[in-house]
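Read off the chains here:
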Amino acid sequence: MNWQDELTRLDAADAFVARHIGPREAEIAAMLQEVGAVSLDDLIAQTVPETIRSNAALALPPAIDEAAVLRELRGFAAENVVKHSLIGMGYHGTITPPVVLRNVLENPGWYTAYTPYQAEIAQGRLEAILNFQTAICDLTGMAIANASLLDEATAAAEAVAMAHGLHRQNLTTIAVARDVHPQTRAVIATRAWPMGWRIVDVAPGDVAAIAAAGAFALVLNYPGSTGAVRDLRPEIEAVQAAGGFAVVCADLLALTLLTPPGEMGADMVVGSAQRFGVPMGFGGPHAGYFATKDAYKRQMPGRLVGVSVDAAGRPAMRLALQTREQHIRREKATSNLCTAQVLLAVIAGFYAVWHGPEGLKRIARRVNLLARLLGDAAVRAGFRLRHDAFFDTIALDAGDGAEALVRRAAEAGFNVRRIDASGVGIALDETVTREDFAKLLGVLGAEPVAACESIPESLQRQSAFCDASVFTTHHSETAMLRYLKKLEDKDIALNRSMIPLGSCTMKLNASAEMAAITWPEFADIHPFAPDDQTVGFRKLIARLAEFLQAVTGFAGVSLQPNSGAQGEYAGLLAIRAYHEARGEGDRNICLIPSSAHGTNPASAAMAGYKVVVVACDKLGNVELADLRDKIATHGHNIAALMITYPSTHGVFETEIRDICRAVHEVGGQVYMDGANMNAQVGLTSPAAIGADVCHLNLHKTFCIPHGGGGPGVGPIGVAAHLLPHLPNHPLCVAAGPATGFGPVAAAPFGSALILPIPYAYIRMMGPDGITRATKVAILNANYVAARLGPHYPILYRGAQGRVAHECIIDCRGFAATTGVQVEDIAKRLADYGFHAPTMSWPVAGTLMIEPTESEDRAEIDRFCDAMISIAGEIGKIADQSWSQSDNPLKNAPHTAAELMGEWSHAYSRAEAAFALPFVAAAKYWPPVKRVDNVYGDRNLMCSCAPLEAYAEAAE
Amino acid sequence: MPQTYFTKDHEWVRLEADGLVTVGITDHAQEALGDIVFVELPESGRSVAKGEACAVVESVKAASDVYAPLTGTVAEQNAALTDDPALVNKSAEAEGWFFRLRLADPAAVSTLMDLGAYKEYLAGL
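Taken in order, these protein sequences are the chains called A and B. Per this note's numbering: the first sequence = residues 1 to 955. Per this note's numbering: the second sequence = residues 1 to 125.
Hints listed in this document are in silico derivations from the structure and should not be mistaken for laboratory results. The model shown is predicted, which means the values in this text are computed figures rather than measured ones. Take these hints with a grain of salt, some might be off.
Derived contacts from chain B toward chain A, CB cut-off under 10 Å, selection only [what the hints assert, rightly or not]:
id: 1; residue: 31
id: 2; residue: 34
id: 3; residue: 35
id: 4; residue: 36
id: 5; residue: 37
id: 6; residue: 38
id: 7; residue: 41
id: 8; residue: 53
id: 9; residue: 58
id: 10; residue: 59
id: 11; residue: 60
id: 12; residue: 62
id: 13; residue: 63
id: 14; residue: 65
id: 15; residue: 105
Don't be surprised by glycine CBs; every beta carbon is placed ideally from N, CA and C.
The task is simple: from the sequences and hints, build the whole structure.
Right, dumping it as structure tokens:
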């Protein structure tokens with residue numbers, strides 16, 4: 001070997017591939033033997049239909065290692081310019097408390113967790129979300145708040161849609177105050193378009209215009225987009241008198257000093273929790289919040305954490321009122337929302353815990369004082385203040401000096417907002433130092449003498465907030481550190497054990513992939529910063545879009561959608577726009593197989609389509625005959641078919657091309673749900689199967705961590721004919737085509753801050769590594785099927801007996817002879833230290849297991865050993881060694897307190913808690929017993945104070 | 001003895017002495033739904049058409065619409081269900097009634113299934 005070749009070998013540029021993929025070479029060989037395949041390629045040939053296989057290598061650059069990708073990312077970072085953005089518009093500088101940054105945002109114990117559907121192993125993050133909900137309720141003055149939405153603009157659009165569902169007349173008008181943030185108005189306009197609603201813009205405070213509008217919803221900003229604070233009561237009363245609902249988009253920090261909208265009678269209060277410790281990140285991810293009156297809780301979108309009791313009668317939390325949600329109510333759901341922004345809501349909640357009510361008020365008063373001093377200096381410098389009442393943002397009238405003022409600010413290191421020809425806005429935030437402030441005075445050219453007035457007495461907040469003890473207890477760093485650790489330890493995340501959730505792709509979120517998201521060159525960029533400051537960001541986004549085009553086979557990609565469900569909505573709107581542009585806007589039917597994710601019909605409803613369900617056969621495949629019937633019936637009214645591939649049953653359907661062709665023949669478009677993309681990458685593609693548009697879940701297939709239920713990114717890829725119909729953004733030309741239908745998210749590039757994660761993953765895997773990941777994912781699933789097959793029936797297999805990247809085991813057969821339900825098995829897994837697989841979806845009474853490529857054989861074996869041990873326990877119930885009512889499954893999970901107490905069960909303590917040797921070696925103790933969902937939904941409690949009341953009652 | 005009729009959506013419809021009908025969901029339906037946590041009922045005075053979704057019943061795992069079995073006007077709702085939705089589990093076909101209807105065409109009840117026909121229908125599911 002010459003030295004060049006030797007050095008190349010030793011360079012090991014693709015070393016990360018074997019770090020990302022769990023099984024070693026030798027393990028792969030042994031696992032292949034177990035599943036009865038001679039090689040990985042042999043297994044793939046038996047799994048993926050020949051007709052759709054793409055054999056060409058993906059057009060991706062070759063793999064580079066961790067150090068190299070970090071250098072590359074630093075290169076992009078160096079092309080961004082970090083100025084101090086005082087633009088406002090819903091995005092503000094903020095200080096992530098270092099204790100939260102290091103122990104939450106940068107801690108896999110928090111960021112790798114899944115949505116807390118399995119409440120017993122998620123009490124830590126459920127409590128953290130409850131803190132967030134409590135802070136939101138208190139600050140807004142509303143009765144109930146959800147566990148976060150995707151961003152402020154989306155939350156406003158959801159509130160408008162909710163108002164439409166609630167109002168009793170036949171109104172179609174939305175009144176939007178002219179000082180609502182422009183991106184919020186634009187996202188509402190997108191939502192209004194397929195519904196046939198229209199927007200009437202009303203001047204701030206114009207009660208007569210509101211009364212005349214006949215609107216089902218009025219949308220207000222508080223403070224206004226350029227900073228003005230006014231009493232909203234007359235406007236709220238005016239819309240309510242006309243039968244409509246008042247939606248107020250409010251700034252959380254301002255609410256510490258201002259009369260909350262709830263006390264002014266608002267029906268829904270929404271906004272962003274970004275400035276509670278979450279970096280701006282070029283627009284996201286941030287937690288949108290949503291609060292409403294108690295009377296409307298069942299119409300509220302999104303997830304909701306509530307307090308209930310466990311089987312021992314002690315307080316325990318879980319997700320409440322799930323029947324509102326898309327996975328149960330499908331097209332009748334309150335929203336298509338699935339992934340939200342849990343990690344960011346958790347951080348915002350901890351920001352409130354860390355500072356407490358007095359700390360939050362101090363921050364707000366300081367920001368307010370700086371704004372008042374700046375206002376005074378501005379007047380002395382000869383500018384006119386446009387608003388007398390404000391919180392943190394002053395709007396200056398600079399006459400024809402506006403451009404010069406903006407330029408002077410830029411030279412001093414600040415981005416300020418050019419409101420209009422003569423208007424300049426300056427929004428202060430907690431990161432503004434005394435030195436910054438001195439520079440700002442220099443920009444204005446005057447010194448303040450006395451702070452001007454800013455908040456009229458009638459709008460000064462009198463009510464207390466955040467008075468639950470959690471907000472006043474953890475104010476030393478030691479106390480906070482231990483509180484965070486206490487909560488983290490209650491939960492199962494990927495840093496503890498495998499999370500085999502089917503359809504969720506809980507793969508490795510590598511440390512190198514995560515590194516860049518807290519670099520200031522990415523984190524401290526305002527979404528509306530001038531283009532010359534965001535060159536690096538936009539280059540990274542463009543390259544990632546190219547990579548995703550290669551993976552999907554499509555002509556273009558939009559990275560704007562903030563979740564898979566938002567991607568579905570965006571993709572269906574692209575289809576709607578395409579049909580309308582061709583004069584076929586009357587197509588109104590969306591065909592959806594019965595096996596689809598609940599988000600599909602919910603998104604179709606939001607896109608204004610009528611859902612027609614297509615039947616599935618016994619094997620879980622789309623029933624072609626039924627599809628042809630439905631196509632014959634609805635013909636040219638068909639707008640789209642939504643299909644998941646491989647199917648939600650974890651099978652590569654061989655007829656997929658025929659299915660797509662049949663829809664195309666009547667002029668319909670095919671939307672591919674990318675939830676199962678992890679089984680496709682490098683082997684086939686949405687374009688190859690015949691789809692026109694798809695979304696990808698970058699938080700599944702491309703390594704963005706799940707964060708306990710968000711953030712996510714749901715980009716859409718489209719074929720060439722749909723390129724003109726991608727989303728765009730009114731404040732950013734580069735975000736999409738001029739012919740696009742508008743934005744689906746507040747920020748031009750959605751959750752830009754976390755795009756370095758998929759970028760790093762794709763760069764470090766390269767075309768061969770990423771394809772190998774797909775193959776090993778399929779191997780791992782088939783290995784699980786092979787090991788569990790003798791103990792549990794495997795429900796669906798492909799034509800040659802193979803499952804794709806996940807497998808479904810049938811647990812329905814146990815009930816008749818043992819009384820064991822699938823839920824008992826799921827809860828019992830917690831005693832073995834595992835998160836349950838996806839339960840009762842897509843088929844009731846089953847578990848869907850997706851190991852992903854990242855789990856090695858030893859961990860998969862531990863999981864399978866646990867499942868097999870549980871099958872043995874079920875056997876002991878069947879042979880009547882244990883009764884149907886007293887056995888380790890029915891009583892699962894078991895807490896330490898219970899084992900230390902009186903023991904009267906037919907099985908031993910060791911059988912309960914240490915059923916296998918590996919369990920005892922690193923025991924996970926479930927913090928609560930099984931949570932009572934019925935009690936919680938019948939006695940709804942969704943904020944902190946009642947939790948303590950419960951605890952007292954239990955003592 | 002008042003006559004009770006049934007629908008394929010698992011509702012019961014009882015013809016009362018005052019000419020109104022009382023509507024609820026069958027014991028089979030409550031059994032299938034599991035522990036009921038919420039019931040939303042139509043307001044008195046609302047006109048409903050046969051087959052129109054006019055009430056909602058929710059357990060922790062499922063939500064079902066309840067349809068108007070026949071065309072008419074809602075005369076009364078069972079306010080007790082708002083405070084105690086579990087009444088539907090305890091007594092689906094008596095205390096757990098949903099609402100009373102004044103039928104547009106009282107004779108239309110005869111188009112529904114009687115108990116025998118409903119039992120046969122259940123057996124065939």
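(message) I'd like to know which numbered hints this structure contradicts. Please list them from smallest to largest.
(response) Numbers 1, 7 and 15 - these are the hints that the structure violates, sorted from lowest upward.
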